[in-house]
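Novice: Sequence:
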Amino acid sequence: MVLGSENHLFALLHQAEQPWWQEQAARSAARASSPIAPLVPDPSLTAQQPSLQIAADCWNLLSAPDGSSRRQVYLPQGEREPQGAYERRLAAARPAGFFCEALRTYAGMLSRGSWLNLQASLASVLTDVDGRGTDLGVFLASAALLLLRDGAALVLVVRRRLDRRART
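Take 830 as the starting number for the sequence shown in the working numbering and just add one per residue.
Mixed in with the good hints there might be a few duds.
[What the hints assert, rightly or not] FRET-style restraints, in silico, Cβ to Cβ: (1) THR956 <-> PRO872: 41 to 51 angstroms; (2) VAL954 <-> GLY913: 51 to 61 angstroms; (3) THR934 <-> VAL986: 20 to 30 angstroms.
No lab work stands behind these hints, which were simulated from the structure alone. A virtual CB, placed ideally from N, CA and C, is assigned to each residue, including glycine.
Make the full structure from the sequences, and use the hints.
Specialist: Following this line, the structure appears as structure tokens:
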């Protein structure tokens, strides 16, 4: 099942630090025949960047995508604190995972339900919603988790052709 990844949020959040869209625009300009337009971030989403960064830091327990720690952002060094003591304090700081667990629990509650009086097209995918054996309840729980964590989830629906023998 492919709904998104935990690192896709970081790609969005680190735009100011790593201007990948500018690199993409330069590559696209170099390849004038390329039909792909450069991606320009939406201003309303850019305004939400600080809030999204805090949510991403909580979700990833203060670990950046490159493997480094973001603890120093939330635990600044004291004015007279020696560097060694500060580094030990950063190493000893253990973020709590309550944010992740709270979202997972709430997503499970949102996606919990019983399947009564379903249309035939939906009933046919109860145990294999994505062609990989993913149960519909698990799929909906994953989508709800992305909604709660990122504020949105893109679900692409591709209509499958039914075998003619199965239709009759």
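Novice: Are THR934 and VAL986 spaced within 20 to 30 angstroms by their CB atoms?
Specialist: Holds, since THR934 and VAL986 (Cβ atoms, about 27 angstroms apart) stay within the stated range.
Novice: Lying within 51 to 61 angstroms: is that true of the beta-carbon distance VAL954 to GLY913?
Specialist: Holds, at about 58 angstroms.
Novice: Using the beta carbons of THR956 and PRO872, state whether their distance is inside 41 to 51 angstroms or not.
Specialist: About 43 angstroms separates the Cβ atoms of THR956 and PRO872, which means 41 to 51 angstroms holds.
Violated hints are absent here; each numbered hint is respected by the structure.
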